[in-house]
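S.K.: Line by line, the protein sequences give chains B and X. Sequential numbering of the first sequence, starting at 0, is according to numbering that gives the first Met the number 0. Sequential numbering of the second sequence, starting at 0, is according to numbering that gives the first Met the number 0.
Mixed in with the good hints, there may be bad ones.
[Claimed, not checked] The list that follows gives simulated cross-link-like pairs (lysine to aspartate or glutamate, EDC-like), each with its CA atoms no further than 20 Å apart: (1) LYS181/B x GLU170/B; (2) LYS151/B x ASP109/B; (3) LYS76/B x ASP7/B; (4) LYS127/B x GLU360/X; (5) LYS106/B x GLU250/X; (6) LYS151/B x GLU170/B; (7) LYS73/B x ASP249/X; (8) LYS53/B x GLU360/X; (9) LYS130/B x ASP194/X; (10) LYS130/B x ASP9/X; (11) LYS127/B x ASP162/X; (12) LYS76/B x GLU360/X; (13) LYS151/B x ASP111/B.
[Unchecked claim] Each pair of labels, with its calculated beta carbon distance range: (14) HIS129/X x GLY132/B: 25 to 31 Å; (15) LYS76/B x VAL143/X: 44 to 50 Å; (16) ILE166/X x LYS167/B: 46 to 52 Å; (17) PRO1/X x GLU27/B: 56 to 62 Å; (18) GLY163/B x ARG361/X: 43 to 49 Å; (19) LEU226/X x ASN114/B: 36 to 42 Å; (20) ASN110/B x LEU229/X: 27 to 33 Å; (21) ALA300/X x GLY136/B: 58 to 64 Å; (22) MET346/X x GLU107/B: 39 to 45 Å; (23) ILE108/B x PHE31/X: 45 to 51 Å; (24) ASN110/B x TRP262/X: 25 to 31 Å; (25) LEU226/X x ILE108/B: 25 to 31 Å; (26) LYS13/X x GLU170/B: 22 to 28 Å; (27) LEU226/X x LYS76/B: 53 to 59 Å.
It is worth saying that the hints were derived from the structure and are not from the lab. Beta carbons: idealized from backbone N, C-alpha and C, even for Gly.
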Amino acid sequence: MSILEVTDLKAGYGNIIAIDDVHLTVDEGDIVTVIGANGAGKTTTLMTICGVVKPISGRITFMGKDITGLSPEKIVKMGISQVPEGRRIFPRMSVYENLQMGAFPHKEIDNDTLNWIFSLFPVLKERKNQKGGTLSGGEQQMLAISRALMAKPHLLLLDEPSLGLAPKYVELIFDVLKEINKKGTTIFLVEQNAHMALNIADKGYVMETGRIVLHDTANALLNNKMVKSAYLGE
Amino acid sequence: MPGFLIRRLDQLRKRPLFWGIWVACLIGITIFLTLVGMPIPYALVIFALAIVSILFSRAKYLPILIIILLAIMPWTSQDQYWLRVLITVGIYIMLALGLNVIIGFTGMLDLGYIAFFGIGAYTTALLTTHFHLSWWLCLLASIVVAAIFGVLRGLPTLRLSGDYLAIVTLGFGEIARMTFANWVGLTGGPMGIRDITPPSVFGFSFGFSAQWGYRLYYYLILVLLGLTVLTITNLRNSRLGRAWVAIREDETAAQTMGVNLSWNKTLAYAVGAAYGGAAGAFFASFNMFVSPNSFTFFESAIVLCMVVIGGIGSIPGVIIGASILAAFPEVLRFMSEYRYLIFGLIMVIMVIFKPRGILPER
Ligand SMILES: Nc1ncnc2c1ncn2[C@@H]1O[C@H](COP(=O)(O)OP(=O)(O)OP(=O)(O)O)[C@@H](O)[C@H]1O
Ligand SMILES: [Mg+2]
């Protein structure tokens with residue numbers, strides 16, 4: 000059963016068309032990744048699914064409902080939340096307030112979710128009252144993921160969570176993503192770190208200059224010649 | 000001795016030079032205040048307020064201590080002039096706290112905030128002189144009318160930010176002032192509205208009385224301020240307040256968390272304007288006279304400075320900023336024309352050395 004279905008999506012900024020003719024299917028319970036170089040249109044795709052960028056044409060369906068052009072508030076209420084590129088945590092709010100913001104669609108923080116997050120990232124519990132902006136880069140990424148989880152999403156979108164992190168942190172983050180997925184959250188992951196992404200994903204899409212140029216199971220992509228030379232550096 | 004006080008004294012002991020300079024400054028300010036004519040007891044109470052705030056900054060009962068000190072203050076002296084000054088300072092604190100909701104919490108610029116003060120003042124002035132409504136109803140009406148104008152101004156500007164928002168809010172402030180000045184039939188034009196009925200409780204009028212002086216007004220503004228601080232603190236820690244701060248920090252991120260930008264920004268304008276309206280209602284009946292001259296751009300700019308100098312977003316900071324700047328013209332009265340020069344100089348020095356304000360948001 001597909002949870003997210005993107006058909007013939009076209010979107011951009013003003014006169015600039017950033018993505019065109021994008022088709023994507025994400026099955027419930029899967030980890031699906033989109034890999035691509037700088038400027039390929041990955042962030043634009045995520046932002047359009049979230050409702051921040053308005054599509055020019057095309058259709059987005061989530062759990063059988065048409066969500067094309069809905070406002071971001073409605074979309075997050077339906078169960079899609081995002082870990083944005085560059086984390087974008089609220090720097091002058093405490094860690095706890097950031098989490099409360101994540102839970103904004105539900106009015107109140109859900110204690111089970113909170114405890115689960117603190118077990119995934121114990122450091123956040125220690126830093127509960129610290130200002131978000133004073134966390135290290137890796138901790139901020141953990142906070143960004145936790146904040147998105149507080150919305151109790153069915154579908155979690157992540158935009159380059161490994162960006163700018165030390166290898167140790169990258170591994171930790173990817174382990175946690177697997178664990179989140181095991182708990183039943185479908186994951187849609189945009190990455191430039193193609194190797195790590197394809198290793199945990201079930202399925203992958205390759206994006207170039209605003210279009211999907213290739214899609215296959217993650218294993219097949221790992222062995223694909225073009226992917227190997229362009230994205231895996233082999 | 001309670002534990003936190005011991006810890007506090009310990010902190011103070013660890014940095015004797017720093018705190019020594021602080022206390023020396025406070026003593027200096029107190030002496031200066033008496034030199035410019037403030038009754039000695041008032042100056043002493045202000046000194047005590049500062050010391051108590053430093054010593055008990057972590058204590059739960061700090062607000063009670065402050066309230067007690069403020070409550071006994073007007074009985075320590077017969078002086079009416081300086082009591083009037085204190086009341087004026089109270090009005091400015093209320094304005095600065097209201098403006099802080101808009102620029103401090105939500106991060107939107109506002110260069111015409113004084114318009115809401117004016118709208119509140121004229122609402123009360125008109126209702127008491129024409130309809131002889133009870134002051135408390137007038138207060139409520141001023142709050143509601145100002146909030147409505149806050150929404151009206153907010154809606155068309157939701158998509159603006161930066162310079163454009165600055166120009167629109169500035170324009171709104173000027174339009175309000177010009178309306179007060181030119182709609183002679185309603186507002187009395189430049190002559191204003193006089194003989195506004197003072198508030199009364201159980202038929203007991205607040206007007207200047209030989210026995211009470213301005214003390215009743217003083218207590219009224221104290222109560223209004225208490226309510227303002229209480230409600231604004233609660234708002235800041237509520238879901239709505241967090242949405243505002245999230246908008247200030249990162250609009251797009253806030254949006255993806257489910258914050259409706261238009262709705263929450265409009266609410267911030269309405270709530271900020273409401274406090275301006277309440278301050279206006281008090282001002283009208285305290286002054287018993289309103290005219291367009293009280294609502295110039297200069298006033299908007301001063302209130303903005305109070306928020307910036309005190310510490311944008313910080314409630315105690317804004318209170319301190321407003322107290323200092325509101326008292327400034329009175330304290331430096333002896334310098335007549337030069338006082339605004341000094342004012343400007345202090346602003347420049349502050350922005351260079353303490354750009355986030357005296358007591359920044361923690
Ligand atoms: N706010 C914007 N205004 C105008 N053009 C934009 C904007 N954001 C992105 N673009 C353009 O859209 C195209 C796709 O950008 P996008 O950010 O989606 O790429 P990306 O795949 O996420 O790249 P990266 O890996 O560098 O994050 C680029 O050509 C970019 O210049
Ligand atoms: Mg990107």
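S.K.: All hints are to be evaluated individually against the structure, with a verdict given for each.
M.R.: Checked hints:
1. Only pairs whose Cα atoms come within 20 Å are accepted, and LYS181/B paired with GLU170/B is accepted, the gap being roughly 17 Å.
2. A distance of roughly 9 Å separates the Cα atoms of LYS151/B and ASP109/B; the hinted pair therefore holds under the 20 Å criterion.
3. Restraint check: the Cα-Cα separation between LYS76/B and ASP7/B comes to about 24 Å, which exceeds 20 Å; the hinted pair is violated.
4. Our distance criterion of 20 Å between C-alpha atoms is met by LYS127/B and GLU360/X, whose separation comes to about 18 Å.
5. Straight-line distance between C-alpha atoms of LYS106/B and GLU250/X comes to about 19 Å, which keeps the hinted pair within the 20 Å bound.
6. At roughly 23 Å between alpha-carbon atoms, LYS151/B and GLU170/B are farther apart than 20 Å, so this suggested pair is violated.
7. A threshold of 20 Å between alpha carbons decides the hint, and for LYS73/B with ASP249/X the separation of about 19 Å falls inside it, so the pair holds.
8. Between LYS53/B and GLU360/X the alpha-carbon distance is near 36 Å, which puts this suggested pair outside the 20 Å criterion.
9. With a CA separation close to 52 Å, the supplied pair LYS130/B and ASP194/X exceeds the 20 Å bound.
10. Between LYS130/B and ASP9/X the CA atoms are separated by roughly 26 Å; this puts the pair beyond 20 Å, and the hint is violated.
11. Annotation: proposed proximity of LYS127/B to ASP162/X is violated, straight-line Cα distance about 37 Å (limit 20 Å).
12. Between LYS76/B and GLU360/X the alpha-carbon distance is near 31 Å, which puts this suggested pair outside the 20 Å criterion.
13. Proposed proximity of LYS151/B and ASP111/B is supported: the alpha carbons are some 11 Å apart, at most 20 Å.
14. Hint check: HIS129/X to GLY132/B, Cβ distance near 53 Å, so the stated range 25 to 31 Å is violated.
15. The hinted range of 44 to 50 Å is not satisfied by LYS76/B and VAL143/X, whose Cβ atoms lie roughly 31 Å apart.
16. The given range of 46 to 52 Å is respected by ILE166/X and LYS167/B, whose C-beta atoms sit roughly 50 Å from each other.
17. The supplied range of 56 to 62 Å is met by PRO1/X and GLU27/B, whose beta-carbon atoms lie about 57 Å from each other.
18. Take GLY163/B and ARG361/X: their Cβ atoms lie about 28 Å apart, and the range 43 to 49 Å is violated.
19. Taking 36 to 42 Å as the suggested C-beta distance range, the pair LEU226/X and ASN114/B conforms, at roughly 38 Å.
20. A hinted range of 27 to 33 Å for the beta carbons of ASN110/B and LEU229/X is consistent with their spacing of about 28 Å.
21. The hint said 58 to 64 Å for the Cβ distance between ALA300/X and GLY136/B, and at roughly 40 Å that hint is violated.
22. At about 43 Å, the beta-carbon gap between MET346/X and GLU107/B stays in the expected band of 39 to 45 Å.
23. For the hinted restraint 45 to 51 Å between ILE108/B and PHE31/X, the CB-CB distance of approximately 49 Å keeps it satisfied.
24. For the hinted restraint 25 to 31 Å between ASN110/B and TRP262/X, the CB-CB distance of approximately 28 Å keeps it satisfied.
25. Between LEU226/X and ILE108/B the C-beta distance comes to about 29 Å, which sits within the given range of 25 to 31 Å.
26. At roughly 42 Å, the beta carbons of LYS13/X and GLU170/B sit outside the given window of 22 to 28 Å.
27. Taking 53 to 59 Å as the suggested C-beta distance range, the pair LEU226/X and LYS76/B does not conform, at roughly 34 Å.
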